[in-house]
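Q: Here's the letter readout for the chains.
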Amino acid sequence: MSINVNELFPYPAQWVDEDVTAIATAVHQWADKEIIKNRLEYQKAYHELFTKHRREHNIDIGFQKIIFPESYGGSGFNSPEKVPSIITILGELSRADAALGFMSALEYSASAVAAMEPSVNTSICDMIAPLLCGNELRSVAIIMPGSASTGPPSPLFLGREIRARIKRSGATCTLSGKDLRPIGNGAIADILAVVCADENDKPGIAYVTADQKGVERGNTFIQTGLDECGNADITFNDVAISSEHVISDEDAVRELYTWLNLFLGAVSLGACLNFFEILRNWSENRVIKGKGLLRENPLCASVLATVAEEISLAKILVYNISNFISRTSVWGGTENPIIFMAAQMFGKRIQQCALNAINRGMELMASAGYAKEWHAEKHWRDVKTIQTCLSAAGGEVPVQMDIARYFYGCTDI
Amino acid sequence: MSINVNELFPYPAQWVDEDVTAIATAVHQWADKEIIKNRLEYQKAYHELFTKHRREHNIDIGFQKIIFPESYGGSGFNSPEKVPSIITILGELSRADAALGFMSALEYSASAVAAMEPSVNTSICDMIAPLLCGNELRSVAIIMPGSASTGPPSPLFLGREIRARIKRSGATCTLSGKDLRPIGNGAIADILAVVCADENDKPGIAYVTADQKGVERGNTFIQTGLDECGNADITFNDVAISSEHVISDEDAVRELYTWLNLFLGAVSLGACLNFFEILRNWSENRVIKGKGLLRENPLCASVLATVAEEISLAKILVYNISNFISRTSVWGGTENPIIFMAAQMFGKRIQQCALNAINRGMELMASAGYAKEWHAEKHWRDVKTIQTCLSAAGGEVPVQMDIARYFYGCTDI
Amino acid sequence: MISFDKLSVRNGSISHIEGPFRGILRDIVEKEIMPHRREYDEDWQEHRFVEPVLHRICVDIGIQKSLLPQEFGGWSLGQSDYMMAFTYCIAEEIGRGDSSLSLSSICSLWPLCTFLIPPFVNMRLARELAPLFTGGKICIGCQAMTEPQGGSDIENIDLIKGRTIQTTARLEGGHWVINGHKLWPTNSGGLASLFGVPCTTRPGSDDPDDFAYIMVPADTPGVTQGPPYAKAGMAADKNGDIWFDNVRVPEHYRIHGPGTDALAFKTLIYMGQLGSVGFAVGSLLNVYEILYDFSSTYTYRNAPLKEHDAIAGVLGDIAGSIDICRMLSYEVVRMGDDRNKPWGKPLHSHETIARSRNIKEFISDRAMEICGKAMDLLGPHGCERVLDIEKHWRDLKMIQLWLGGKQLCQMEKARYYFDCATL
Amino acid sequence: MISFDKLSVRNGSISHIEGPFRGILRDIVEKEIMPHRREYDEDWQEHRFVEPVLHRICVDIGIQKSLLPQEFGGWSLGQSDYMMAFTYCIAEEIGRGDSSLSLSSICSLWPLCTFLIPPFVNMRLARELAPLFTGGKICIGCQAMTEPQGGSDIENIDLIKGRTIQTTARLEGGHWVINGHKLWPTNSGGLASLFGVPCTTRPGSDDPDDFAYIMVPADTPGVTQGPPYAKAGMAADKNGDIWFDNVRVPEHYRIHGPGTDALAFKTLIYMGQLGSVGFAVGSLLNVYEILYDFSSTYTYRNAPLKEHDAIAGVLGDIAGSIDICRMLSYEVVRMGDDRNKPWGKPLHSHETIARSRNIKEFISDRAMEICGKAMDLLGPHGCERVLDIEKHWRDLKMIQLWLGGKQLCQMEKARYYFDCATL
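So the protein lines, in turn, are chains A, B, C and D.
Under this note's numbering, the first sequence has 302 at position 306, and the numbering climbs by one with no breaks.
Under this note's numbering, the second sequence has 350 at position 354, and the numbering climbs by one with no breaks.
Going from the third sequence to this note's numbering is simple: count from 1 and add 29.
Going from the fourth sequence to this note's numbering is simple: count from 1 and add 29.
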């Protein structure tokens, strides 16, 4: 394709570092050459090639460690101004394969809570940075508050049930919880970031390595998409962890939601941009009604326009969230309630836009839309999977309650 | 209300000058005192008070002249960096009464094409600045390309029919066109900006004063909203104008669309913000199911959240359009196709968001939603009127075709 | 011009007189209502133009006596198995011309539905009140439900069970003494001659036995009506305040008695949905006609709008959506007219109320979307009064909001389809 | 657990045998299909699990002979006035378990509809082909329409009039010689025993007389089938390429002859919409059941999801929307089964095609919305295979896209409701 899909969609480009633009361009070109032009081969040897490519980026280029300070062997992207750059990289990875971006997004979200300035948590960085800045591929799973079908009443984080508990005893504490559903990677993760509540029902986040005694994984289950991010429920049988590896702070949980919304927004956007390329290509080559290209039919053009509009909106929102986070001089840090609310509100909308773009675009592709060969349907399944992972049981409602609390001062909902 | 509705909704606040923030705050407080707290009195003596308030802002404070260079007696807001500030002022005016903002938005749109740097058109400024920088209230009407029910084939501007024609003859030319529908103010405007085509079907914009011989107004018609912006069709019977008062440039027409989308977006946003205040107030005082405030009912809270989300989206988009226009170092000027497209695409969405916010919010107000007393219905009618004015016959389709042309390179649609 | 009969009609399940009756109504709408509907829109205070045409519909055509038994001079519609189809056809045909006119003429009969549709029949009351409706003079009824504090609380009867009703009825010497304040009902604002008034005989009680529905002639001493409110639309319907200050009516003006009143009142909920979908679809049929006309004459790229593929796509969606609304409104009809069939359910059943609310909510949401889109398609002509679409838009919004609005429908649906226990 | 019969059923307009027949199907779905549907989903290439259950439906229950006249061992469904209700009930009941199984078993009969539903009947062909379907062996039919270049062009028959068909039929010595390449039809990929093939007798012609619909047994020399494609869903339906290389079939395998073939082919468009709404509503009914269960057991704020007002609001909307889809699908049924009533229209009429497309488009769009929202309500459980909602979501998308998809529906509606002349 002769167009540059990144320049095509308007966004406040001044927010991204020029250095990163260069890295992003390199990833972009790599994706074109290694994956996008060779989808069928990639599909055939998927697991093998996925791991190969993941290693190239995460270890060889070093994306796995970017968020950590240089003192930990990272790339020092742990200041808020770097955030627009991080999402640019995530977008490029996801354009190649949303699962690549998704795995990085989970890692970055869990890491950012610990490593992002101004409040670097050295104990947790000491624990996770050696793993993530090393030469092995690592995966992270995150367990957020959420629903279950059984069990006694749980402590709440803004209405959502926290089903992991910690019990402190001096410098150590024990983590427990049964059949907890991670956002992804449950079956393969090396590091687990677990939202939990303490004896006083106060929310926090515990960081645990998966090899700890008492960490038990359920069966890997099949999901709609993100085939490489094997997921499984996790049970913690009184797992002993250092108290220093628990952030006992409700703000940290908000922050984790904020990062997840932003980073997974960037992932879905990246997948959409490649979908756009597929669709554009289709519209330039498909003849309809026995005459004329598909894109020159006004009705089809109006659907094409809707696809572009939804993606544009997603992109504007991703970058605007990143701006709220990065302009600490204007907004303060992620503890500002407007940041959490905006990330949740726009994060939800980004996923809707992304999915709507693909859903509408598939309409024009007919059977090519759902044939695996054309790859549109993979983006569609991946984005839907991201959307549902990101939402709690109750769908949009928990986020709507967050929005209402912020804007209307609701207290009982 | 104890909240500040402007700070409540997230947007890149760093884009607005601090000076203007002060002016905006003054308008905000005036609106609270003079209009919002006295809606019923304002309704009763509407025409009289509207004119009084319009004069206070446009003449006494000087908003009518802000866009013109100081050399013309204006306030020198004619550089792109000032654009975020202009929309902030428009938003505040519209919060008091969308009709106030609407009239200014039309004036600013027509003026910006002539007066905005870097390409100031001195001939047209010489003609309109004395009127708009003087001590009389003036109104501007704009006639865009559009449909009619009769007549021979017309020259096209991106598919839309141009129904005004100019014929050149040396330094003067004649303008003709029958029953043309202005965007607003047709019955009262002093200055008319008319999109027209020349002998070669090339589009341009002619500036005419309404007192010119051969300018004929039809009957004022009743509209859904914007009651003070009396509209009427206008006929030009071979009106003689100076050739210098015609901008023969397709880019100028694009620019006019761009300003209209941005400025009318700001107007609808302003109206929405006051609607939000009304709704918030309602939700804090209304008891439902014989117990509890409306805002504390989760279902109602979810609707309240939707209202806030739609307004947030509108606000983000208004400011992002303004950023594209103001960052000439990144995007160049309004001749860049991405600017026209983005303004059209997001401008359309802003109107949808604004209307959707009010539509959904009215649901919770039941009969207070449609009773004139509560004023919600005025915002609703005004915003719908703005939305339809802004769209051509064919609704969203012409804009969708613009989007498709930009993103997919369509040529025949 | 297109005939809207191109849209779905439920052939085979309507009565044989519906066709000719529609013809009569259509004639009046075309000749007497459509040419003047812009005048009605400005006439919300005085009803100079509205009252003559209301007389035409209620008295000359005679729909005001339709519910009454034949032996008292009526048409016995309440006992027929086509009552709902017939009511719907009136609502739709007149709604096409002016939904507020349709509203005020049909809602005039609303309070009567509590005691003229089997099994909830009160023949004594029917006989006594019949002369008001059959004597050649106009008699407008008003279902005076809403109270200042309550919003949709009274309609939400399964949940609130009348607990919040502030209007009291006290039995005293063979008379009910009524005190209270109602506001907003259709045909208040000075128009009504007869009120149906939901009261409580024991304030704060949620025992259905304490719910009383009492008929109150408007000229009873102690009844005061306020002037009409200014509203966004629906000008032919006046809404205002009504105060009952020690108003005394005979004991038998209570429609049935403890328990039964509450059940009979619930039938009004169904009837409200039926009327609503009729008014809304009537408006939509006219939107379709206007749009057909506009899109056939106004142009884009120098061809009629409807000949542009993308605009045609939107037009097709709009018409298809209107057609779907019309099909669904017939479902509401059928649900009511099947009430005595082996598979039928009573009008006051949870099933009928929930399912008719579902359709009403769907149609009114869709109607707002459709009408809004239609306005957009007209561009700068969309908001112009003279094309009449914007009037439908203002009216349709009110249909969407009344009767407890969308949220009450959602709750009703959730309770019905998901057996929620605590909502 | 909830019964989905809580959702609308068109009592009073279905045949007396539908009830018991639904019982049989429901039993098979509960006991034989639902426990294995995740296996079918992985079985798209081999059909190890799929084929036995297809045999159960087509042969044991016997639906493969249903269209054939009784004198040839069939059920004469094509001549009945409840054919559409019956077909719909199969589509819905089996679709509830697995819409792709429903699809492959029902579409098997699709080509037969061109010559077994009056007025387009070919008894000679019926007699000759009947043994394939009545002999106790499974016989799968395949309507082999789509061609590589054309997308939905062939279905868009009113506009394209067969002009773009590349598959040719040449009469030679009492035989049709067929050459061409079809792809994507349901039940290709090696499954079908009998093809119905739209051909042109004069390439490039838009004269309906040159459109020929010819039945081709799959074992005829020159017929080659490719392997099934990998798809997002609908695994029990195989789709692949079919090549016809100088395939010779007897002259009377053309279903009717010049002109009539094109009309009879149009009935397939209607039948396609009928099946589509059946599969979609079937899926939705199961979505409702799953959601009922999930929202009654999983919690938010320590209470079942369905007891939270805002979540209940969404649940209510979902169920209400499913109910509306079910009501509307009965409209498609009625439109077909009323074809011989005084007010009925032929299946190939513009009215029937446009209105059934309208409803199909509506239901499939709504189905995607509903199912997407249902997945969201399940949160991180929404995408899990084991809850089965995500399978419905993948299948429903395909229903939305096939048969020319949304845009063709929009055009058809615009042409019908707005009399567009140039689209």
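Treat each hint with caution, since some may be false.
[To be verified] List time: in silico BS3-like cross-link candidates among lysine-lysine, alpha-carbon distance up to 25 Å:
{"no.": "1", "chain 1": "C", "residue 1": "Lys35", "chain 2": "D", "residue 2": "Lys166"}
{"no.": "2", "chain 1": "D", "residue 1": "Lys166", "chain 2": "D", "residue 2": "Lys60"}
{"no.": "3", "chain 1": "D", "residue 1": "Lys35", "chain 2": "C", "residue 2": "Lys35"}
{"no.": "4", "chain 1": "B", "residue 1": "Lys163", "chain 2": "B", "residue 2": "Lys209"}
{"no.": "5", "chain 1": "D", "residue 1": "Lys190", "chain 2": "D", "residue 2": "Lys374"}
{"no.": "6", "chain 1": "A", "residue 1": "Lys163", "chain 2": "A", "residue 2": "Lys174"}
{"no.": "7", "chain 1": "B", "residue 1": "Lys287", "chain 2": "C", "residue 2": "Lys190"}
{"no.": "8", "chain 1": "C", "residue 1": "Lys190", "chain 2": "B", "residue 2": "Lys285"}
{"no.": "9", "chain 1": "D", "residue 1": "Lys35", "chain 2": "C", "residue 2": "Lys374"}
{"no.": "10", "chain 1": "A", "residue 1": "Lys285", "chain 2": "A", "residue 2": "Lys29"}
{"no.": "11", "chain 1": "D", "residue 1": "Lys60", "chain 2": "C", "residue 2": "Lys370"}
{"no.": "12", "chain 1": "A", "residue 1": "Lys285", "chain 2": "D", "residue 2": "Lys60"}
[As the list claims (entries may be wrong)] Calculated Cβ distances over 12 Å to all of chain C for the following chain B residues:
{"no.": "13", "residue": "Asp56"}
{"no.": "14", "residue": "Pro65"}
{"no.": "15", "residue": "Glu66"}
{"no.": "16", "residue": "Gly72"}
{"no.": "17", "residue": "Pro126"}
{"no.": "18", "residue": "Glu132"}
{"no.": "19", "residue": "Thr168"}
{"no.": "20", "residue": "Thr231"}
{"no.": "21", "residue": "Asp234"}
{"no.": "22", "residue": "Arg323"}
{"no.": "23", "residue": "Gln348"}
{"no.": "24", "residue": "Glu369"}
{"no.": "25", "residue": "Glu373"}
{"no.": "26", "residue": "Ser387"}
Hints were generated in silico from the structure; no laboratory data involved.
Here a beta-carbon is modelled for each residue, glycine too, at the ideal position from N, C-alpha and C.
Q: Hint by hint, which ones does the structure fall short of?
A: Violated hints (numbers, rising): 1, 3, 10, 11, 12, 23, 24, 25 and 26; every other hint is consistent with the structure.
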